[in-house]
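Visitor: Numbering-wise (numbering that gives the first Met the number 0), the sequence shown opens with residue 0 and increments by one.
Errors might be hidden in some of the hints.
Using C-beta positions, here's what the derived DEER-type ranges look like [said to hold, decoys possible]:
1) Thr132 x Lys251: 15 to 25 Å
2) Arg307 x Gly128: 20 to 30 Å
3) Leu327 x Gly128: 47 to 57 Å
4) Thr104 x Thr49: 30 to 40 Å
5) Arg307 x Glu102: 16 to 26 Å
6) Asn160 x Leu106: 27 to 37 Å
7) Val103 x Glu167: 12 to 22 Å
8) Lys58 x Thr170: 50 to 60 Å
9) Arg312 x Lys58: 23 to 33 Å
10) Glu167 x Lys251: 24 to 34 Å
11) Arg126 x Arg277: 44 to 54 Å
12) Arg258 x Asn203: 19 to 29 Å
13) Thr109 x Arg312: 42 to 52 Å
Keep in mind the hints are simulated off the structure, nothing from the lab.
All residues carry an ideal CB built from backbone N, CA and C; glycine is no exception.
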Amino acid sequence: MFFLLLFGLGWGCASAPAVKKSVPSLHEDGLHHLLEQSRNAKQEQGVPSTLPKKGYLLKPLAEDVYFFTNGIDCTLFVVLPDGVVLVDPLQGAGELLQKALHEVTELPVTVIIYSTGSPRHIGDASRFGSKPTVIAQQKIADRLKESNPTQAPLPHMSFSNDYMLKTESLTLELHHVGGEITGDTLVVISERKVMLLPDRAIPNWVPHLERGEGIERRVLVLQRLSQMEFTAYVPGHGDRPGAPADLQRTLKFYEDGYRAFRFATMRVFGETAWEGTRLTVPPATLKEKRAVLERECYRLLKMNWGGRLSGFREFAPHHCRAWVTRHLPAEPKPEAGSQAKTQAESLP
Numbered sequence: 000m001f002f003l004l005l006f007g008l009g010w011g012c013a014s015a016p017a018v019k020k021s022v023p024s025l026h027e028d029g030l031h032h033l034l035e036q037s038r039n040a041k042q043e044q045g046v047p048s049t050l051p052k053k054g055y056l057l058k059p060l061a062e063d064v065y066f067f068t069n070g071i072d073c074t075l076f077v078v079l080p081d082g083v084v085l086v087d088p089l090q091g092a093g094e095l096l097q098k099a100l101h102e103v104t105e106l107p108v109t110v111i112i113y114s115t116g117s118p119r120h121i122g123d124a125s126r127f128g129s130k131p132t133v134i135a136q137q138k139i140a141d142r143l144k145e146s147n148p149t150q151a152p153l154p155h156m157s158f159s160n161d162y163m164l165k166t167e168s169l170t171l172e173l174h175h176v177g178g179e180i181t182g183d184t185l186v187v188i189s190e191r192k193v194m195l196l197p198d199r200a201i202p203n204w205v206p207h208l209e210r211g212e213g214i215e216r217r218v219l220v221l222q223r224l225s226q227m228e229f230t231a232y233v234p235g236h237g238d239r240p241g242a243p244a245d246l247q248r249t250l251k252f253y254e255d256g257y258r259a260f261r262f263a264t265m266r267v268f269g270e271t272a273w274e275g276t277r278l279t280v281p282p283a284t285l286k287e288k289r290a291v292l293e294r295e296c297y298r299l300l301k302m303n304w305g306g307r308l309s310g311f312r313e314f315a316p317h318h319c320r321a322w323v324t325r326h327l328p329a330e331p332k333p334e335a336g337s338q339a340k341t342q343a344e345s346l347p
């Protein structure tokens, strides 16, 4: 973990250079496509489904805390004496969520938390009426005012870095982990040793990278979480909750991606490419050879991780691309009215 010691310690205060828009990225839509492909392939192979016939899995994670998944997306809710706190009313899963809630309580949903502004995560919020108080990070609130395709209720309360939702029985901690661009929010229930971490550590999958968020910040978040005491986390996608071992596996993949980038630079430019942890190759030279570096990084990473995690061929190249980008100077922002061009390069 030596390579991130200088990136700060705060959840919301430490900021990092954003991934440039010119770096191609398979974002959440690509992830959903692969998750659906994986599910369909298992069905064709006769692999037993983890979902009951009712179409969803409801599992207690701790006292009053429940995990919900429709096989593709997942979330959690907390049953309190006076109502339910629901995180992320998943798009297309509102009816199933309501059925799951009725399995354990007749109390209404009184609070809804948006962990991201993605329609896939919050698209069925309107199914729960106008009475619940909606809480979201400020960037999510601002973005929903500009674009809200699913007409999700706008947040009634917003926060910048951290927010404590205190109740009589427990406290839900909300921490902004999305850097300068996204409002992604970590939800921690310390008393129950449970948390929800959107999109960053899906069990048995190579993590997809969000547009506009530096890769080193994503590693920093995982490093911080790995030091916390917890028994389970909700990853936002997939058919099961994550365990501490899943988080460690994802963190190891990030770290090995960085090491693959380092070794790739030494193979391309020689052992003098690094002095300790400092890259000595001029940015212009690095940029000129970036395609070669990305391919070599991917080849080295594949030696240890190819076939071990789902989505490797689709997502691993973007990790190598992101590490190269991290060591290039930031490009000037395009002028108003112009559009940044994105050009993807195929990798083996």
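Visitor: Now tell me, hint by hint, if it's right for this structure.
Guide: Checked hints:
1. The supplied range of 15 to 25 Å is broken by Thr132 and Lys251, whose beta-carbon atoms lie about 39 Å from each other.
2. Under the hint 20 to 30 Å, the C-beta atoms of Arg307 and Gly128, about 44 Å apart, miss the expected range.
3. The beta-carbon spacing between Leu327 and Gly128, approximately 48 Å, falls within the hinted interval of 47 to 57 Å.
4. A hinted range of 30 to 40 Å is violated for the C-beta pair Thr104 and Thr49, which are about 24 Å apart.
5. Between Arg307 and Glu102 the beta carbons are some 36 Å apart, a value that contradicts the proposed interval 16 to 26 Å.
6. Between Asn160 and Leu106 the CB atoms are about 30 Å apart, so this pair conforms to the stated range of 27 to 37 Å.
7. Here the CB-CB span from Val103 to Glu167 is close to 19 Å, well matched to the stated 12 to 22 Å.
8. For Lys58 paired with Thr170, a C-beta distance near 22 Å fails the hint of 50 to 60 Å.
9. The hinted range of 23 to 33 Å is satisfied by Arg312 and Lys58, whose Cβ atoms lie roughly 31 Å apart.
10. Checked against the given bound of 24 to 34 Å, the beta carbons of Glu167 and Lys251, roughly 40 Å apart, lie outside it.
11. Taking the beta carbon of each, Arg126 and Arg277 are about 53 Å apart, inside 44 to 54 Å as hinted.
12. Judged by the Cβ atoms, the range 19 to 29 Å given for Arg258 and Asn203 holds: they are separated by roughly 21 Å.
13. For the pair Thr109 and Arg312, the beta carbons lie near 44 Å from each other, so the given range of 42 to 52 Å is met.
Hints 1, 2, 4, 5, 8, 10 from the earlier list are contradicted by this structure; the remaining hints agree with it.
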